[in-house]
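Protein chains: 2
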Amino acid sequence: MSRHLDMNILVINSGSSSLKYQLFKMPEKNPVCSGLAERIGIEGSFIKHTVYIRNEKYSIEETGFISNHSEALKQVLALLTQGDYAVIASPDDIAAVGHRVVHGGERFSGPTIITDEVKHQIKRLFSLAPLHNPVNYKCIEVAEQTFVRAKQIAVFDTAFHQTIPEQAYRYAIPEWYYKEYSIRVYGFHGTSHKYVSEQAINWLDKKDSKIISIHLGNGCSITAIKNGRSIDTSMGFGPLSGLMMGTRSGDIDPSVIFHLMEHSGYTLEQLSTLVNKQSGLLGVGGSSDMRDIRKMVNEGDAAAALAIKLYAYRIRKFIGAYAAVLNGIDAIIFTAGVGENDSNMREAVCSELSYLGIELDLARNTGYKGELKEINTADSKVKILVIPTNEEYEIAHQCFGLLT
Amino acid sequence: MSRHLDMNILVINSGSSSLKYQLFKMPEKNPVCSGLAERIGIEGSFIKHTVYIRNEKYSIEETGFISNHSEALKQVLALLTQGDYAVIASPDDIAAVGHRVVHGGERFSGPTIITDEVKHQIKRLFSLAPLHNPVNYKCIEVAEQTFVRAKQIAVFDTAFHQTIPEQAYRYAIPEWYYKEYSIRVYGFHGTSHKYVSEQAINWLDKKDSKIISIHLGNGCSITAIKNGRSIDTSMGFGPLSGLMMGTRSGDIDPSVIFHLMEHSGYTLEQLSTLVNKQSGLLGVGGSSDMRDIRKMVNEGDAAAALAIKLYAYRIRKFIGAYAAVLNGIDAIIFTAGVGENDSNMREAVCSELSYLGIELDLARNTGYKGELKEINTADSKVKILVIPTNEEYEIAHQCFGLLT
Ligand SMILES: Nc1ncnc2c1ncn2[C@@H]1O[C@H](COP(=O)(O)OP(=O)(O)O)[C@@H](O)[C@H]1O
Ligand SMILES: Nc1ncnc2c1ncn2[C@@H]1O[C@H](COP(=O)(O)OP(=O)(O)O)[C@@H](O)[C@H]1O
Numbered sequence: 001m002s003r004h005l006d007m008n009i010l011v012i013n014s015g016s017s018s019l020k021y022q023l024f025k026m027p028e029k030n031p032v033c034s035g036l037a038e039r040i041g042i043e044g045s046f047i048k049h050t051v052y053i054r055n056e057k058y059s060i061e062e063t064g065f066i067s068n069h070s071e072a073l074k075q076v077l078a079l080l081t082q083g084d085y086a087v088i089a090s091p092d093d094i095a096a097v098g099h100r101v102v103h104g105g106e107r108f109s110g111p112t113i114i115t116d117e118v119k120h121q122i123k124r125l126f127s128l129a130p131l132h133n134p135v136n137y138k139c140i141e142v143a144e145q146t147f148v149r150a151k152q153i154a155v156f157d158t159a160f161h162q163t164i165p166e167q168a169y170r171y172a173i174p175e176w177y178y179k180e181y182s183i184r185v186y187g188f189h190g191t192s193h194k195y196v197s198e199q200a201i202n203w204l205d206k207k208d209s210k211i212i213s214i215h216l217g218n219g220c221s222i223t224a225i226k227n228g229r230s231i232d233t234s235m236g237f238g239p240l241s242g243l244m245m246g247t248r249s250g251d252i253d254p255s256v257i258f259h260l261m262e263h264s265g266y267t268l269e270q271l272s273t274l275v276n277k278q279s280g281l282l283g284v285g286g287s288s289d290m291r292d293i294r295k296m297v298n299e300g301d302a303a304a305a306l307a308i309k310l311y312a313y314r315i316r317k318f319i320g321a322y323a324a325v326l327n328g329i330d331a332i333i334f335t336a337g338v339g340e341n342d343s344n345m346r347e348a349v350c351s352e353l354s355y356l357g358i359e360l361d362l363a364r365n366t367g368y369k370g371e372l373k374e375i376n377t378a379d380s381k382v383k384i385l386v387i388p389t390n391e392e393y394e395i396a397h398q399c400f401g402l403l404t
Numbered sequence: 001m002s003r004h005l006d007m008n009i010l011v012i013n014s015g016s017s018s019l020k021y022q023l024f025k026m027p028e029k030n031p032v033c034s035g036l037a038e039r040i041g042i043e044g045s046f047i048k049h050t051v052y053i054r055n056e057k058y059s060i061e062e063t064g065f066i067s068n069h070s071e072a073l074k075q076v077l078a079l080l081t082q083g084d085y086a087v088i089a090s091p092d093d094i095a096a097v098g099h100r101v102v103h104g105g106e107r108f109s110g111p112t113i114i115t116d117e118v119k120h121q122i123k124r125l126f127s128l129a130p131l132h133n134p135v136n137y138k139c140i141e142v143a144e145q146t147f148v149r150a151k152q153i154a155v156f157d158t159a160f161h162q163t164i165p166e167q168a169y170r171y172a173i174p175e176w177y178y179k180e181y182s183i184r185v186y187g188f189h190g191t192s193h194k195y196v197s198e199q200a201i202n203w204l205d206k207k208d209s210k211i212i213s214i215h216l217g218n219g220c221s222i223t224a225i226k227n228g229r230s231i232d233t234s235m236g237f238g239p240l241s242g243l244m245m246g247t248r249s250g251d252i253d254p255s256v257i258f259h260l261m262e263h264s265g266y267t268l269e270q271l272s273t274l275v276n277k278q279s280g281l282l283g284v285g286g287s288s289d290m291r292d293i294r295k296m297v298n299e300g301d302a303a304a305a306l307a308i309k310l311y312a313y314r315i316r317k318f319i320g321a322y323a324a325v326l327n328g329i330d331a332i333i334f335t336a337g338v339g340e341n342d343s344n345m346r347e348a349v350c351s352e353l354s355y356l357g358i359e360l361d362l363a364r365n366t367g368y369k370g371e372l373k374e375i376n377t378a379d380s381k382v383k384i385l386v387i388p389t390n391e392e393y394e395i396a397h398q399c400f401g402l403l404t
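From first to last, the protein sequence lines are chains A and B.
In terms of this note's numbering, the first sequence opens at residue 1 and continues consecutively.
In terms of this note's numbering, the second sequence opens at residue 1 and continues consecutively.
Treat the hints with caution; some may be incorrect.
Copies of the same chain look alike in the list, so a pair counts if it works inside one copy or between any two.
[Claimed, not checked] Taking lysine to any residue pairs in the SDA-like style, the calculated list, with each CA pair at most 20 Å apart, reads:
hint: 1; residue 1: 309; residue 2: 294
hint: 2; residue 1: 383; residue 2: 343
hint: 3; residue 1: 383; residue 2: 367
hint: 4; residue 1: 74; residue 2: 295
hint: 5; residue 1: 206; residue 2: 355
hint: 6; residue 1: 226; residue 2: 113
hint: 7; residue 1: 123; residue 2: 364
hint: 8; residue 1: 383; residue 2: 355
hint: 9; residue 1: 373; residue 2: 337
hint: 10; residue 1: 373; residue 2: 162
hint: 11; residue 1: 48; residue 2: 270
hint: 12; residue 1: 179; residue 2: 271
Note that these hints are calculated values from the structure, not bench results.
Please read all numbers here as calculations on a predicted model, not as lab measurements.
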C-alpha cells in the first residue's frame, strides 16, 4: 500500500467565471498549494496561487486576460510545474483530478471515476443545474486534456443526500412529475455535511449518532444525519428552499410567485432573480455578507436586525423539525462562514431550545480558533460543535479512498 | 343581561357555488337548524335544510334552479320562517348574521361589525383571496337586504393568526414586497384553531399552555399556540403551503415552478392548478378523500401508501418545528375530518416522537365518539387530544361575545 502514499490529487471547483483548485499530497490534510482564477472570460482576469511550505505561505498573483477555463487550467499547470515554487515536475505527477460536480441526480451516490458514460450522465443533468453542471463538465474535458494520465473523478454535491428516504425526497405532486421531469428533493452541500458529520461522529465516538449539521455560508442548508447517513435536508429540488441565505429567500409559499406574476408585472425570470439573488440577508437586511449585517445592527439598523431574527428563527424551526425526524438528537454542528465565525448567531439559534436539553456555554462559544470545538455546557444533553468545513479536502479524501 | 339570552344568530359560510348556514339560539351550543344550498347558478341546484328538535332531526330537500346567492338566501329565509318546522317568525328575529370571511389581511384581528368602511376593506382584500372574499362580500350584501334589522358581523379565517410575530410572518424577501404587495404569512383555519385550542386550554386548566393544533380536513394546517395566541402557522400567504392536503401539495420548492415553466410547456395558471387542485392526497394517492386512500392501502395500493407516508411525515416535521418555536409542548390537538376520524393517522404521527415525551395510548386512540378525548397514556409528558372542531359555533360565539 505504501506506493499509494504521497499521491498527488488536484481538486477543482469551477464556477461560471472562476476556477478554484487545491493540490493535496494525500493522505496529508494540508494542501501543498491552492489558488483561484477569477473573471475568466471577463476583463480584469487574474490568478492567485499560494504555495504552503511548512508554516510559511508564498503567493503569486498574475494578471492578464484568461479567455476560458482551458486557458486557466494551462496557467495553473504552469504554476504547479515551473519556477522556484514548483510543486510537481510534470502533469503526469498528478494521480487524480477530483472535480466538484454540483448535480449528480439520482444516478450518483458517491465519488465516481469519470468515463464517457459518466460524462453523458452529467450532461443529462444540465437542466437540473443549469448554472453549474455545464461549467463542471467543461472543466472535466479541459482537465482530461491537461492531465492526460490522471484519473478524473467526480464528487457530487448531491451524493450524500441519496440516502434520504422517499417520504422526505418526494413532493406531494403526481408521480408523473417525478418520473418525467425528475422533480424531487436532491439537496446540496452534501460534501460539507458529510465531512463535518464524520468529524462529529469521531468526536462523539458513536457511529449511530443523531446529528443535525448546519452549513451557514453564502448558501445555507441543514441536514438530519442518522447513523452517518443523510435522512433529510433543507435544500430541495434546487438550492433555493429551506434556510434564509445570503441572497436566497429560502422557503417561501409558491402562492407568492403566482400572486406576483399576476399583480406585479414581473416576468417569471425576474421573480426567479428576486428569490435567488435579491432576497435573503441582502433583500431583508441590505447586504449578503453577515459581517456587514452585524455592523449595521451595531449601528442600530432595524432592517439588518430583522434579517438576523428571520435567519435565526428559521434555523431553530429546522432544528426542531429534524429533531422530530431523528426522534431526538446527540449533536448539532455549526459550519461554514457564518456557522464557524458568528458566535452571536450560534447563541441566537441555541437559545430557548432547552426542551431538547440544548445548553450553550457562552464562554466556550467565543474565541473559536478554526478547529473542532465543543461549545455546550457540561450538563447539555446535546453536544454543540463548531467544525470547520473543508470540502476540498473531503473531495481529495474521497478520490484517495476510491483509488487505494 | 337576560334579554341577550336566546339571541338568534345565523352563521353563513359561502363558497363560489354554495351557501352553508346554521342558526344558533345563543348561548345554546347545538344549532336550531342548519342547511346547505349547492350548485348555485349551476344546473342541478338544491337546498337541504335540517331542523333539530330535541334529539330528532327533520330534513327537507328542495330542488329547482337557484340562480344566485341572493335567491339562495331568500329560500333559506322561507325555510326558517314557513311551514311546520319554522324556527323563527320573521327575519327580524335574527339578531345577527355571522359571516365567515376568509381574508382579513392585517386589518382584522377579531370579529367585526360590518360597516361601509369594513366592506370597503374586505373589497380591498379581494386580490389576496380571489376565490373567497368576493363571494363572502356578495353574501354580506345579500344578507343586509334579507335580514335588514340584524347586525352583520364578519369573522375572519386569518384573524386568530394576527398575533404571529414578525420573525414568523415575514418572508425573507425585500420589504418592498411586503409594503407594496402585502406579501407575508397570513395563515388560515384561524377560527378552528382558536376554537379547539380554547377547548384544550380549558381541559388542561392552564392558560399559558404550549399547544400545537393540527387541523386535518380537506385543507390542512398546523398552528403553534402560546398563552392562547397563535405564534406560527403552516399556511402562509395563501392556503397552499405547509402540510400536504386533499388536493394541495403543501410546501414545495418554488424552483420546481420555475423549472416546470421552462421545461414542461405549462402555463403558470396550469402550474397553479397542479399544486392547488391536482396534488396532495389526490395527486400522489389517487383520491383527495382519506377514506378512499385508506381503502386503497388496504387493497395493497403502493401509491396510496406513499401518500399516507408523505402526509404523516410532514405533520411530524411541523410538530418538531413548532415544539422548537414553543420551546416544548403541553398538548397536541387533532381536529377536522382526518384528525378526528383517522386513528391510524394519529398513530403514524405520534409514533417515534418519544424524544418529546409523546406517548399515545393505542386503546384510547380508537373509538372516538365526537367529543373531546384525551388519547395519551397516563405517563405521556404531552397530552394528545382529539377535539371536534366547530367553526360555525365559534363564529356564533364570537358574534354573541361582540353583542353582549
Ligand atoms: N467573522 C464573521 N462573522 C460573521 N459572519 C462571517 C464571518 N466571517 C465570515 N462570515 C460570513 O460567512 C459567509 C460566507 O461563508 P462561506 O462559507 O465562506 O461561503 P461559501 O458558501 O461561499 O463557501 C458570509 O456571509 C460572511 O459574511
Ligand atoms: N372515518 C374517516 N377516516 C378517515 N378520514 C376521514 C374519515 N371521515 C372523514 N375523513 C376525511 O376528512 C376529510 C374532510 O375533512 P373535513 O374537516 O370534513 O373537511 P373540510 O376541510 O372541507 O371542512 C376528507 O379527507 C375525509 O376523507
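Structure-based check of each hint:
no. : hint      : in the structure
1   : 309 / 294 : within (12 Å within a copy, 42 Å between copies)
2   : 383 / 343 : within (16 Å within a copy, 36 Å between copies)
3   : 383 / 367 : within (18 Å within a copy, 43 Å between copies)
4   : 74 / 295  : neither (41 Å within a copy, 64 Å between copies)
5   : 206 / 355 : between (23 Å within a copy, 19 Å between copies)
6   : 226 / 113 : neither (27 Å within a copy, 54 Å between copies)
7   : 123 / 364 : neither (47 Å within a copy, 56 Å between copies)
8   : 383 / 355 : both (14 Å within a copy, 16 Å between copies)
9   : 373 / 337 : within (15 Å within a copy, 49 Å between copies)
10  : 373 / 162 : neither (29 Å within a copy, 41 Å between copies)
11  : 48 / 270  : neither (34 Å within a copy, 49 Å between copies)
12  : 179 / 271 : between (27 Å within a copy, 17 Å between copies)
When each numbered hint is compared with the structure, violations occur for hints 4, 6, 7, 10, 11.
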